[in-house]
Amino acid sequence: GEDVEQSLFLSVREGDSSVINCTYTDSSSTYLYWYKQEPGAGLQLLTYIFSNMDMKQDQRLTVLLNKKDKHLSLRIADTQTGDSAIYFCAESPSSGGYNKLIFGAGTRLAVHP
Amino acid sequence: SQTIHQWPATLVQPVGSPLSLECTVEGTSNPNLYWYRQAAGRGLQLLFYSVGIGQISSEVPQNLSASRPQDRQFILSSKKLLLSDSGFYLCAWSSVGGRIYGYTFGSGTRLTVV
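Top to bottom, those sequences are chains A and B.
Each residue of the first sequence is one higher than the one before, counting from 1 in the numbering used here.
Each residue of the second sequence is one higher than the one before, counting from 1001 in the numbering used here.
None of these hints come from the bench; they were simulated from the model.
Just to be clear, a hint being listed does not mean it is correct.
[Said to hold, decoys possible] Here are the simulated SDA-like pairs of lysine to any residue, each with C-alpha atoms no more than 20 Å apart in a straight line:
no., chain 1, residue 1, chain 2, residue 2
1, A, Lys-36, B, Tyr-1101
2, A, Lys-36, A, Arg-75
3, A, Lys-36, B, Leu-1046
Between the sequences and the hints, there should be enough to build the whole structure, so can you do that?
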């Protein structure tokens, strides 16, 4: 079946690194995504990784993909208060007939001084 | 560039009243369109998706319906709202056949049914 799981909450101190984890089930997913949702707003695409990659780095963001374990993580270096938001992991199964995305329940990141 | 517009931003409606939420996309043609609902503190629930004009697929049975009267217009409706319809409604689009950018979301509508 299709399912994406994430822990619901993460609290970190400002300046520390944050690591948000995600597991997915569909090994056919060619792209995996991280979205950010700030309070009262829509979802914003943060980054994505193609399934033939192990790692992708984009400024303070590092995405790690372990295809064997179907595990995806998002690391935010030097976490700031502006990073406080809900982070959604999503997989893109190749089946489904349309550009189907399966979202996790979201991880709420709280950054405290 | 492509943009997605969703309105209204907030809405307070009494139980039993009708609902119409609108979403339009600019700068692209023949997009896939989606309606999601997010209950307070919860994840995203896909309500409807559309791959073309007049083509609507429903993911879950519910009190809501969707229509796509034009290529870049997607409407979410209800004839009689229930308290359980309260939530944050998000419209999204994606390009046909192209997965690299995932979905682009609108800014959402906060619906409170009282």
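Could you check the structure against the hints above and give me the numbers of any it violates, in ascending order? none
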